[in-house]
Amino acid sequence: MRSKRLTRSFYNRPTLTVAKQLLGKFLVKDGKIGQINEVEAYVSDIDPACHAYNGMTKRTKVMFGSSGYSYVYFIYGMYFCFNVVTEKKGKGCAVLIRSVKPVSGFDSSDYLKTDGPGKLCKAFGITKKDNGIDLCSSKDFFIEDHGYKVGSIKRLKRIGINKGTELEWRFVCKL
DNA sequence: GTCCCGATTCTA
DNA sequence: AGAATCGGGACT
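As numbered in the working numbering, residues 1 to 175 make up the first sequence, in order.
Check before you lean on any hint, since a few could be wrong.
DSS-like mimics (lysine-lysine), calculated; alpha carbons at most 25 Å apart, straight line [as the list claims (entries may be wrong)]:
| no. | residue 1 | residue 2 |
| --- | --- | --- |
| 1 | Lys-61 | Lys-139 |
| 2 | Lys-154 | Lys-119 |
| 3 | Lys-61 | Lys-88 |
Cβ pair distances, simulated, as ranges [said to hold, decoys possible]:
| no. | residue 1 | residue 2 | range |
| --- | --- | --- | --- |
| 4 | Pro-48 | Tyr-76 | 16 to 26 Å |
| 5 | Met-56 | Ser-104 | 31 to 41 Å |
| 6 | Ser-138 | Lys-89 | 11 to 21 Å |
| 7 | Asn-162 | Met-78 | 14 to 24 Å |
| 8 | Ser-9 | Ser-109 | 29 to 39 Å |
| 9 | Met-56 | Leu-112 | 35 to 45 Å |
| 10 | Thr-57 | Ser-108 | 34 to 44 Å |
| 11 | Ser-3 | Gly-125 | 17 to 27 Å |
Hints listed in this document are in silico derivations from the structure and should not be mistaken for laboratory results. Computed from a predicted model, the values in this text were never measured in an experiment. The beta-carbon is built from N, C-alpha and C at its ideal position, and this holds for glycine as well.
When you get a sec, could you build the whole thing from the sequences and use the hints?
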């Protein structure tokens with residue numbers, strides 16, 4: 001099957017649905033390609049762990065915009081995390097991309113170092129300048145469907161949070 | 001303006 | 001278990 005970029009209508013759906021369906025899709029940025037194998041969902045108003053839970057701030061502005069945009073934030077003084085905004089404008093939901101399997105385009109020093117939200121941002125060169133990019137129209141930053149069908153999906157508790165820890169909104173698949 | 005802490009990662 | 005490292009956001 002030919003590769004097909006994910007459209008607004010893909011992202012503009014319930015966050016848990018988008019999260020699960022992002023597994024097996026291919027993240028493309030500046031010629032580097034990685035296949036997504038771990039994500040987490042953050043669902044604004046019902047999720048105390050979501051950055052948008054307490055309303056819009058300068059940082060979370062893009063989360064309240066249209067779906068299909070990148071939400072990149074700085075954390076722990078040295079890492080960036082990459083999310084995709086989901087659902088209709090004004091909701092404040094997103095899916096965190098936690099891990100991808102490197103496919104092509106990486107320097108040898110970054111190869112096999114994409115298994116973690118901070119690590120994959122480093123390998124792809126994703127920084128705050130990549131916040132608020134429209135993945136549905138950007139020339140060199142998007143996600144595509146290569147027709148890959150994932151097998152069973154594991155549903156687990158999310159990592160690194162203190163609130164909403166009971167929610168099993170982390171999804172992992174084998175590739 | 002000040003202060004606390006985080007959707008992480010690496011080392012031991 | 002602890003360190004590295006700093007911007008965002010809550011609060012004064």
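- Numbers of the earlier hints that this structure fails to satisfy, in rising order: none
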